[in-house]
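A.B. asks: Next come the chains, spelled out residue by residue.
Number of protein chains: 2
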Amino acid sequence: MDVTKFAIPEVIFGKNSLDYLGPCAQRNGAKRVLLVSDPGLEDAGWVECLVDKLDQAGMHWAYFSDVSSNPRDSQIHRGAEFYASQRADVVIALGGGSPMDLAKGIALIASNGGRIRDYEGANRIQYPLPPMIFIPTTAGSGADISQFAIVTDEERKVKMSIISRTLVPNISIIDPNFLQTKPEWLIKASAIDALSHAVEAYVSVLASPFTEMQSLKAIELVIKNLEEAVRTKSLQSLSKLSIASTAAGMAFSNASLGVDHAIAHSLGGEFDVMHGHVHPVLLPAVMRFNLQACPEKMAMIGEIITDERLSTDEDTAMRGIEALEDFFSRLDIAMNLAELVDDRQKIPDICDLAVKDACVLTNPRSVSKEDCQAICEEVW
Amino acid sequence: MDVTKFAIPEVIFGKNSLDYLGPCAQRNGAKRVLLVSDPGLEDAGWVECLVDKLDQAGMHWAYFSDVSSNPRDSQIHRGAEFYASQRADVVIALGGGSPMDLAKGIALIASNGGRIRDYEGANRIQYPLPPMIFIPTTAGSGADISQFAIVTDEERKVKMSIISRTLVPNISIIDPNFLQTKPEWLIKASAIDALSHAVEAYVSVLASPFTEMQSLKAIELVIKNLEEAVRTKSLQSLSKLSIASTAAGMAFSNASLGVDHAIAHSLGGEFDVMHGHVHPVLLPAVMRFNLQACPEKMAMIGEIITDERLSTDEDTAMRGIEALEDFFSRLDIAMNLAELVDDRQKIPDICDLAVKDACVLTNPRSVSKEDCQAICEEVW
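Chains as they are written, first to last, in the numbering used here: chain A, 21 to 400; chain B, 21 to 400.
Among the hints, erroneous ones may be present.
What the hints assert, rightly or not - List time: in silico BS3-like cross-link candidates among lysine-lysine, alpha-carbon distance up to 27 Å:
| id | chain 1 | residue 1 | chain 2 | residue 2 |
| --- | --- | --- | --- | --- |
| 1 | B | K51 | A | K25 |
| 2 | A | K73 | A | K35 |
| 3 | A | K244 | B | K25 |
| 4 | B | K73 | B | K35 |
| 5 | B | K25 | A | K202 |
| 6 | B | K73 | A | K25 |
| 7 | A | K73 | B | K25 |
| 8 | A | K35 | B | K25 |
| 9 | B | K25 | A | K51 |
As the list claims (entries may be wrong) - Covered by chain A, according to a simulated footprint, are these stretches of chain B (three or more residues, beta-carbon under 8 Å):
| id | region |
| --- | --- |
| 10 | 25-38 |
| 11 | 218-232 |
If you're looking for bench data, these hints aren't it; they were derived computationally from the structure. Yeah, the Cβ is synthetic: ideal placement off N, Cα and C, and Gly gets one too.
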């Protein structure tokens, strides 16, 4: 192992941890908060709840909610202008991956200037960002933990990966109470996003002992708790999905991802497909593709999924991938690409973009455009 | 689970990670560094090596090395005066637990004023500390990860626990190269300190899923690698001890410790016994004492130590404790209190102090002075 880095935000986790917002903002020097969220959370009353806490803590605040499910460069630039006009000094984000990635983009442009596409790729951010306090309302994106921001470039129709340690928020306040108000499909899509983070980070060429243990814990927690969480919406099972999402975030933020996410980013940019819907389609095929490059690790994943070990790593791994497909099929979710994309002719274009994504660099097996196409055709 | 917090420094880990020192100091705004280390590391040439790196990065530096194996309040106050006289802006510590705890104390007094005993206990630090970059040279103390500083109050002859999130350094640079230059006894004592952190944090009343996975990994790595590391001093096995120490640090920093450490702190303050020598004596007895309060967790520890599970949790746990005693006895280290302390009559005084230590608050079983005495008598 070469030198490895492990950086995460301070995590405050648990039922009613939202009560810590005021003190957290204060000790980060907040006087004028920019609060980023979305209309759905506004309708559900959560934005008002947060604003009340900021009022109680005696803070000025301004609210920005222009965000789509794949956040766009234009939204970031409008948000950054708003941040400046309000003379804000801290960014608080409430929501799933989209408002959080939007908030990262706003904090970046507000402090470093320029256009968001200037920062595409790894380690291109020069100046410190304002303090960021993130409150995830879904259990999956990991945006509250990670050094990634994923933003759609509207002109090029591509999801850019922006990667920098400075994009790790200062504090992540994770309150599983939010999950009880979420629809089934969102709980499933988010948890499977977390699962795909965990799997891809585990086999990444940048995986370290620090990220590997987080990956394995996350895989175990999603497999063992998602069905019960969807069925019962018990706080206990939903909390376990939150822990999984957080652990997976710690893993992928520091080990990066692989070709499943490279294709998912391309699909999100080109077709605006919701990120969480892509993984049940792609992940098993990507795992089969990667198996030859990391049979021991794939066998470990297989053993966690099935609680069984067969006579060879390959058999254990394949049995795990089949069990994962069974798991997805029991969840009543789309499992073919044709259910997400209406035109098979677009596959070459999708794969053109995918092989340029930063996530392919850390995939355990090197991947060509033809490999990508074969994966997409296999799951069509 | 109530609200739980998990905060760790940014970790840079691996062979030659020391090369990151200059850039790390720069991005923490360092212009004038206070470097804290000890005469042993100076003799070994490591201090010079660090100073060269600071010179190359164009930084002023001043060096402070007045530290004993249980760092003292007077050393901290002298160090803080030196920090101020040098107008330093960053603290870099190189060493085992003692120089790092000394450095935390200096950073604390330099920024918050007063005397170190004013901060004894949890969460009594009001103002931010200067940036701290720590470079551990042993694999055990976890001081480079933790929110603890343990300092001897010379007047009262007591080791004070000072606990605050602000005592977590900004960056921990962990280079296993250092361990190859260390004597066997130090590698053993440090690794067993890490093991005791992992065990006590795992059964702590503040343990969370985030700390538990770190504890279990650390226990496994020490048990599986310490003997080989001592025998071969291979970088691979020493690296695994470094990973164990780091993981155990993440665990105990956030979950705290128990009665083994409470007694160890008392012994360190009263008799200046080296911290790492106390745990092989106390830990198995403390585990037996705690077993009734957490049989499932003790069984999990037992399973990791022995790779076996028996028909009841109690049996699995007891088998694990016996195997741990076998493990210690193979290491040729002191296993009776009489080998560390020359006067059995002091046990009541030691236990008087131990039950006042902050670590007893998180022990899984409530513990009286009489319980402490029984443990000390059992291992005399």
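A.B. asks: Decide, hint by hint, whether the structure agrees.
C.D. replies: Verification of the hints:
| no. | hint | verdict |
| --- | --- | --- |
| 1 | B:K51 x A:K25 | holds, 24 Å |
| 2 | A:K73 x A:K35 | holds, 16 Å |
| 3 | A:K244 x B:K25 | holds, 24 Å |
| 4 | B:K73 x B:K35 | holds, 16 Å |
| 5 | B:K25 x A:K202 | holds, 25 Å |
| 6 | B:K73 x A:K25 | holds, 20 Å |
| 7 | A:K73 x B:K25 | holds, 20 Å |
| 8 | A:K35 x B:K25 | holds, 12 Å |
| 9 | B:K25 x A:K51 | holds, 24 Å |
| 10 | 25-38 | holds (count 12) |
| 11 | 218-232 | holds (count 3) |
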